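Asks: Take a look at the letters that make up each chain.
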Amino acid sequence: SQQGEEDPQALSIQEGENATMNCSYKTSINNLQWYRQNSGRGLVHLILIRSNEREKHSGRLRVTLDTSKKSSSLLITASRAADTASYFCATDAAGKLIFGQGTELSVKP
Amino acid sequence: GAVVSQHPSRVICKSGTSVKIECRSLDFQATTMFWYRQFPKQSLMLMATSNEGSKATYEQGVEKDKFLINHASLTLSTLTVTSAHPEDSSFYICSAVDGYNYGYTFGSGTRLTVV
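As they're listed, the protein sequences go chains A and B.
At position 70 of the first sequence (counting the first as 1) the number is 444 in this note's numbering, and the numbers step up by one without a gap.
At position 6 of the second sequence (counting the first as 1) the number is 5 in this note's numbering, and the numbers step up by one without a gap.
Calculated from the structure, these hints are not laboratory results.
Treat the numbers as computed from the prediction; the structure is a model and nothing was measured.
Warning: the hint list may mix true and false statements.
[Stated by the list, open to error] Each computed EDC-like pair below joins lysine to aspartate or glutamate, with the alpha-carbon atoms no more than 20 Å apart:
#1 K54/B - E86/B
#2 K470/A - E58/B
#3 K19/B - D64/B
#4 K40/B - E389/A
#5 K40/B - D440/A
[Stated by the list, open to error] Listed next, the stretches of chain B that the computed footprint assigns to chain A, with coverage defined by at least 3 CB atoms under 8 Å from CB atoms of chain A:
#6 42-52
#7 88-96
Glycine included, every Cβ here is placed at the ideal spot set by N, Cα and C.
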């Protein structure tokens with residue numbers, strides 16, 4: 375079953391702009407993770423934020439988590455054409471990882 | 000870091016035949032492994048959770064007799080798609096949990112095409 379809802383479903387921006395993707399979920403979680411997937415390929419783990427954390431940074435990535443609203447956001451700053459991919463949030467709860475519907479990001483050079 | 004090897008990466012099979020996909024944790028013991036299916040332009044759907052030495056737990060709507068999962072050792076889980084049909088064509092991805100670090104590591108996926 376899907377837990378996360380992501381928006382937007384698709385996002386098209388110019389190189390250098392920031393990209394923000396949002397994720398909402400339904401149940402209590404241990405942590406929330408963001409993954410990236412290039413077309414037809416495996417997953418790349420980007421960042422994990424625990425339920426007791428509110429914000430986390432990793433390079434050009436910034437993730438926030440609001441457990442009261444059951445939502446998270448992923449910000450990619452100064453985007454590059456190579457950031458073009460699908461991005462998924464995944465919630466870790468009850469011993470399994472459930473993925474959101476994903477956001478397809480296109481960064482135009 | 001933890002590595003999960005998944006084979007084959009691509010397979011084409013005829014309708015009605017069975018296909019086995021392997022998922023191996025190379026440098027850690029995986030207490031739990033997960034199998035996901037992903038249709039084009041869609042997200043990953045969890046199919047089942049397998050624990051070494053016990054029966055797999057299937058998600059609602061997943062046919063356990065069609066998708067046979069065996070987790071015979073702490074480093075190997077297999078998914079067998081039995082009597083495959085074209086609608087089973089999909090991208091299948093496994094994930095293994097390191098019981099020590101409790102991190103999820105994903106295989107590179109298997110693209111199954113049933114003709």
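Asks: Are the Cα atoms of K40/B and D440/A separated by 20 Å or less?
Replies: Judged against 20 Å, a Cα distance of about 28 Å means the pair is violated.
Asks: Given that the segment 88-96 of chain B was listed as covered by chain A, double-check it with a C-beta distance under 8 Å for 3 or more residues.
Replies: holds (count 3)
Asks: Regarding the pair K470/A and E58/B, is the alpha-carbon distance no greater than 20 Å?
Replies: Cα-Cα ~11 Å, so holds.
Asks: Taking 8 Å as the C-beta cutoff, is the stated coverage of the segment 42-52 of chain B by chain A satisfied by three or more residues?
Replies: holds (count 5)
Asks: Are the Cα atoms of K54/B and E86/B separated by 20 Å or less?
Replies: violated (25 Å)
Asks: So if I understand the rule, the pair passes when the alpha-carbon distance is 20 Å or less; does K19/B with D64/B pass?
Replies: Holds, because 14 Å separates the two Cα atoms, which is no more than 20 Å.
Asks: Would you check the hint for K40/B and E389/A, treating anything up to 20 Å between C-alpha atoms as holding?
Replies: violated (23 Å)
Of the numbered hints listed earlier, those contradicted by the structure are 1, 4, 5.
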